[in-house]
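Undergrad: Each chain is listed here by its residues.
Protein chains: 4
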Amino acid sequence: MAASLRLRGAASGLWYWSRRPRPAADLAPLRGVLLCSRSMASKTPVGFIGLGNMGNPMAKNLMKHGYPLIIYDVFPDACKEFQEAGEQVVSSPADVAEKADRIITMLPTSINTVEVYSGVNGILKKVKKGSLLIDSSTIDPAVSKELAKEVEKMGAVFMDAPVSGGVGAARSGNLTFMVGGVEEEFAAAQELLGCMGSNVVYCGAVGTGQAAKICNNMLLAISMIGTAEAMNLGIRLGLDPKLLAKILNMSSGRCWSSDTYNPVPGVMDGVPSANNYQGGFGTTLMAKDLGLAQDSATSTKSPIILGSLAHQLYRMMCAKGYSKKDFSSVFQFLREEETF
Amino acid sequence: MAASLRLRGAASGLWYWSRRPRPAADLAPLRGVLLCSRSMASKTPVGFIGLGNMGNPMAKNLMKHGYPLIIYDVFPDACKEFQEAGEQVVSSPADVAEKADRIITMLPTSINTVEVYSGVNGILKKVKKGSLLIDSSTIDPAVSKELAKEVEKMGAVFMDAPVSGGVGAARSGNLTFMVGGVEEEFAAAQELLGCMGSNVVYCGAVGTGQAAKICNNMLLAISMIGTAEAMNLGIRLGLDPKLLAKILNMSSGRCWSSDTYNPVPGVMDGVPSANNYQGGFGTTLMAKDLGLAQDSATSTKSPIILGSLAHQLYRMMCAKGYSKKDFSSVFQFLREEETF
Amino acid sequence: MAASLRLRGAASGLWYWSRRPRPAADLAPLRGVLLCSRSMASKTPVGFIGLGNMGNPMAKNLMKHGYPLIIYDVFPDACKEFQEAGEQVVSSPADVAEKADRIITMLPTSINTVEVYSGVNGILKKVKKGSLLIDSSTIDPAVSKELAKEVEKMGAVFMDAPVSGGVGAARSGNLTFMVGGVEEEFAAAQELLGCMGSNVVYCGAVGTGQAAKICNNMLLAISMIGTAEAMNLGIRLGLDPKLLAKILNMSSGRCWSSDTYNPVPGVMDGVPSANNYQGGFGTTLMAKDLGLAQDSATSTKSPIILGSLAHQLYRMMCAKGYSKKDFSSVFQFLREEETF
Amino acid sequence: MAASLRLRGAASGLWYWSRRPRPAADLAPLRGVLLCSRSMASKTPVGFIGLGNMGNPMAKNLMKHGYPLIIYDVFPDACKEFQEAGEQVVSSPADVAEKADRIITMLPTSINTVEVYSGVNGILKKVKKGSLLIDSSTIDPAVSKELAKEVEKMGAVFMDAPVSGGVGAARSGNLTFMVGGVEEEFAAAQELLGCMGSNVVYCGAVGTGQAAKICNNMLLAISMIGTAEAMNLGIRLGLDPKLLAKILNMSSGRCWSSDTYNPVPGVMDGVPSANNYQGGFGTTLMAKDLGLAQDSATSTKSPIILGSLAHQLYRMMCAKGYSKKDFSSVFQFLREEETF
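Chains as they are written, first to last, in the numbering used here: chain D, 1 to 340; chain A, 1 to 340; chain W, 1 to 340; chain L, 1 to 340.
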């Protein structure tokens, strides 16, 4: 599917990339070509570490844009598909660093990320001067900052670039990247990230990409629980759910959770609540992100009163059979009726 | 100021009135005339009880539309202005009921409202059969239901019609009314409420008007505190507040409190946070509405986990010097720095 | 079982009755005889309304002390046992009031209590001047105050005297009564209450009996949840539960929930946690009392931050299958493990 | 001041040391002499790192028991007093480790502790095989475990032994030590800790000392806030504070915060609430310990619903002028009245 790439947001002061379905006579894609679609001959290989649910489709989008890959995953099976497609699979993060000077990492936790960078066979063992290391994992911003310091000591550049958008957006190349790092290097990061996402937002110094993601997801969790509580209370007070949703959405209670992702079955189509809370963004992942928000708040001494409680609620939901359901299932969790 | 009145929302299943600024050649006001602006000669007087900050401009808008008023307020001073304008001032709610068969009440608390209806000289002492009694106070929906029963015993009709929109909207006639009561009487209520508000939404049986308002305001309080927490955490993690607001507003954290009424000074113009949290919707009023939500939740055994905590937070803010500030000042409340 | 009755606490400023197992040569019971055990011949009948789980054994203890009873319950079956034992059963609260000038009421909710006092055939319809009406129901203190006013208008006396101790204590006559009302009438109340309980505590004006009970139970709920959280966290951090309980109990974390009623199975014998959380004080009852605390806090504008959250948690537990378990089952509720 | 030392708790299965004020004719001190007061000649030096408010009096108690000290503090001024008393001051933790094979560390945060052990001139640089390293800092148990691993690699032994009791108890040698580590080494740790504290409790594997302290203090914070809420609500409902405290203390609401450290001025003597919340255990320190509980709970996925909220409340209090007051000042924080 053809798409246009444009640098947007200059006027609004928000510097990010947005790729939208191309209008018929739009010539803008030419710019995108310059940045992302050079002929394969001219492209140097990109390292990719972590080929899980998210990393796999992200790496494939880099391939589609003509980048040869140097691949590593702790589970060899995750690499097979790429090997068969002709990409080079190596046996450690250090080996990736030896063969590529631009590396993207996509790992599940802070601990895995530290291991991949600073471990016995980690990237830092063989990283080349001037390399660009982009970490798209969602981790503690304090860890991102520490990694950046170690990377800088080796004469290389580190950027944190966590994503929002889930597996679907990873497949369609419509992720949003929130990027933290030295501003001069942002254009270089964009070249790669723009192949995997439709929004690439520069957030500030190293760690601010993580910070932006954490803050957004904390507010999302709070609004979702709030929406579920308000809808449930209204229903018990005799309101029709669809009508209540409409009233909220034209009033000051309006939020993404009420108008785009309503948690009450029957109110909207095409959202997880319409499909028994399958798919979407899992409760476990939300609990993980809220744990990061909690850690960041504790270390910066920032009060997050509702955020803390949201964290504890999703924690409990994970233990009560909701771990694999979409996070909007909090409505179902609250909804269960008292029986006597 | 000319304005157009249209019946909207039929297609969407949401039945409400909306009056919008009139486009240049719009003839629609004619409909409004039919409903709200008949010649004074043809109009029967309307009773109005409670001429406070909200009731005063609401009553004036009825006058502008040509309704003679029968006025009562427990504070005689509140009636002077209307007396001087030629409206009839009487000395008890019962007297209002004797002279008018359509009455609007706008009172601060459940207790005041019960007194005005069921007190020694209350409306019910002299209410005429077939009267339409519309209560625009924000009170416990359980109280609305009880009043409705008593009114019904007298052969009259009761509707709850709390407003959202504040003093400014009351003045400009742009309030939103959320109306609960018998559906057949809604058109009659609209005739009057349409003179004071631009949205008149039918919510269902008696009490659902209050329910809708309470649910909206509870979700609003939760989203506002959540926005304040997320913005504060982001700032402490190094993000620029304007940039963070933009990221939230294009992401799943988006809500009315983040995109229309941002609580962080410097992010938006024309909102209370740009004016030292003056004006707007006071913390005391929010605490009151959350108290109603709490009571309704307790009596219906609905869990409102974040809603309860939001209530307690606004309760504390009232005691810590924030009672007269806009409710978005929760950002300032959280923002205070630890000092050692 | 013989027991001694003594007026205690004068020195300590706390005026309450305590009946303890009688030491061998203790002559104190003589006082008890004067107050509670006069010969049956000299005793005037006592009214008793509400013969449920608690009221039934309470009424029997009055019988044991020689008081003839005038009985009423909305469910005739609840009266049979007493009728067969020769007590007089009547057909309304008004009839009780006609035949007895001391009445004890023991009802499940505020609504039932208001009905029994102020209903069409309520006590107030036929109450005699000078009657002593003691309400042992646990209800909103604001309702107690209103009832007291109405009772006073009729020339009678009202006292609130809620109990703590459960069905077991009701059977053994070891309830604690917390009494609010005019101090001069406390001795008269004691005469009756001392037959049903081992502690009768004077708390102050009408409503303070309820207030004391509500405050105690709110603190109890908070400490219990806190104990469950601390024990669970400690266990997950590798501590032996019995050892942790001992450390808490010799330290500043010590509380009734940790040292007398520990919620962790295996730590103590003879408590509900040792018996699959059967018996004890049900989660539903705790949720009810927390609802009263919530209502009182809202109406007095008192912040109860942890109290609110405790309320919501017990509310949720009622909906998640814990309604009939002892309230210490919150440990089990928190304990459920996340599974992936 | 003479004191007796006894091994207690064997019967109860709880293995800890307790030293109590000596009864007149008590010969027990002889045992203490064997363990803690050998003649100076026979004693090898003990290292002590961190001579702050707590470390200073702790080190002095070791001196009183005849242990020569090897001293280091990052602030040279903190060492002067000891130098003047003839103790040996060195210039790095490594130097301490070179000269002493038993070292006690008492530091403010996890970061400081890691630096002292693993830093460029840290203990581990020169630690001797078989050394016993006891860390009395209150830190994250996960950090204790990591340090233990590193220490073990060097052939030495690490134990965590955080204290409770504050500066007063440190001076009088009445601290409680909660000790985690290999059980065989507990006796060796006792020899030193028994000179500084009256209770030395063995908690289990490394990290459990920290875990026990964290769990106790979390429960303490929860009970204290609960007590403050219950007392405040009761007072607003018309109860006398002293009477309410007595009722709670003879009922199921009883806890250390209500019966030993009541937060309401006028209820008890000799506690911080009787002295404008001066002295005692500062709000800042409580907030720090709750931060550790939060971190531990997040990493072990343990729900701490009230614990999280208590953390956030103490966090807010630190920002609202309560940072230097005793943590029982939460009563004052809640007590502030709403004004309109």
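Keep in mind the hints are simulated off the structure, nothing from the lab. In this text the structure is predicted, and so the values were computed from the model without any measurement. Treat the hints with caution; some may be incorrect.
One copy or any two copies: either way a pair holds, since identical chains are not told apart in the list.
Stated by the list, open to error - Below are the DSBU-like pairs computed for lysine-lysine, each with C-alpha atoms no more than 35 Å apart in a straight line: (1) 242 to 99; (2) 324 to 43; (3) 153 to 324; (4) 301 to 43; (5) 128 to 320; (6) 324 to 125; (7) 149 to 128; (8) 324 to 129; (9) 324 to 128; (10) 145 to 125; (11) 128 to 153; (12) 129 to 149; (13) 64 to 126; (14) 149 to 301; (15) 301 to 64; (16) 99 to 320; (17) 242 to 149; (18) 242 to 125; (19) 153 to 288; (20) 320 to 43; (21) 301 to 80; (22) 320 to 125.
Undergrad: Tell me, please, which holds for residue 64 and residue 126 at an alpha-carbon limit of 35 Å: within, between, both or neither?
TA: within (28 Å within a copy, 55 Å between copies)
Undergrad: From the Cα coordinates, with 35 Å as the cut-off, is the pair residue 129 and residue 149 best called within, between, both, or neither?
TA: This pair counts as both: shortest intra-copy Cα distance 14 Å, inter-copy 34 Å.
Undergrad: When no copy is specified for residue 324 and residue 128, does a C-alpha distance of 35 Å or less occur within a copy, between copies, both, or neither?
TA: neither (41 Å within a copy, 51 Å between copies)
Undergrad: Could you place residue 149 and residue 128 in one of the four classes (within, between, both, neither) given a Cα distance threshold of 35 Å?
TA: both (15 Å within a copy, 32 Å between copies)
Undergrad: With 35 Å as the alpha-carbon cut-off, assign the pair residue 153 and residue 288 to within, between, both or neither.
TA: So residue 153 and residue 288 pass the 35 Å test inside a copy (30 Å) and across (32 Å) alike.
Undergrad: State whether the alpha carbon distance between residue 128 and residue 320 is at most 35 Å within one copy, between copies, both, or neither.
TA: Neither way: residue 128 and residue 320 sit 48 Å apart in one copy and 50 Å across, limit 35 Å.
Undergrad: Please work out whether the CA atoms of residue 128 and residue 153 approach to 35 Å or closer within one copy, between two copies, in both situations, or in neither?
TA: both (11 Å within a copy, 32 Å between copies)
Undergrad: Reference check for the pair residue 301 and residue 43, CA-CA at most 35 Å: within, between, both, or neither?
TA: Classified as neither: same-chain Cα gap 46 Å, cross-chain 44 Å, threshold 35 Å.
Undergrad: At most 35 Å between alpha carbons: which applies to residue 324 and residue 43, within, between, both or neither?
TA: neither (40 Å within a copy, 61 Å between copies)
Undergrad: Within a copy, between copies, both or neither: which one fits residue 99 and residue 320 at a CA-CA cutoff of 35 Å?
TA: neither (46 Å within a copy, 55 Å between copies)
Undergrad: Evaluate residue 320 and residue 125 at a C-alpha cut-off of 35 Å and name the case that applies: within, between, both or neither.
TA: Result: close neither inside a copy nor across copies, 43 Å intra and 48 Å inter.
Undergrad: How would you label the pair residue 242, residue 125 (within, between, both, or neither) given a Cα cut-off of 35 Å?
TA: For residue 242 and residue 125, the Cα distance exceeds 35 Å both inside one copy (58 Å) and across copies (39 Å).
Figure legend: structure checked against the earlier numbered hints; hints not met, in rising order: 1, 2, 3, 4, 5, 6, 8, 9, 15, 16, 18, 20 and 22.
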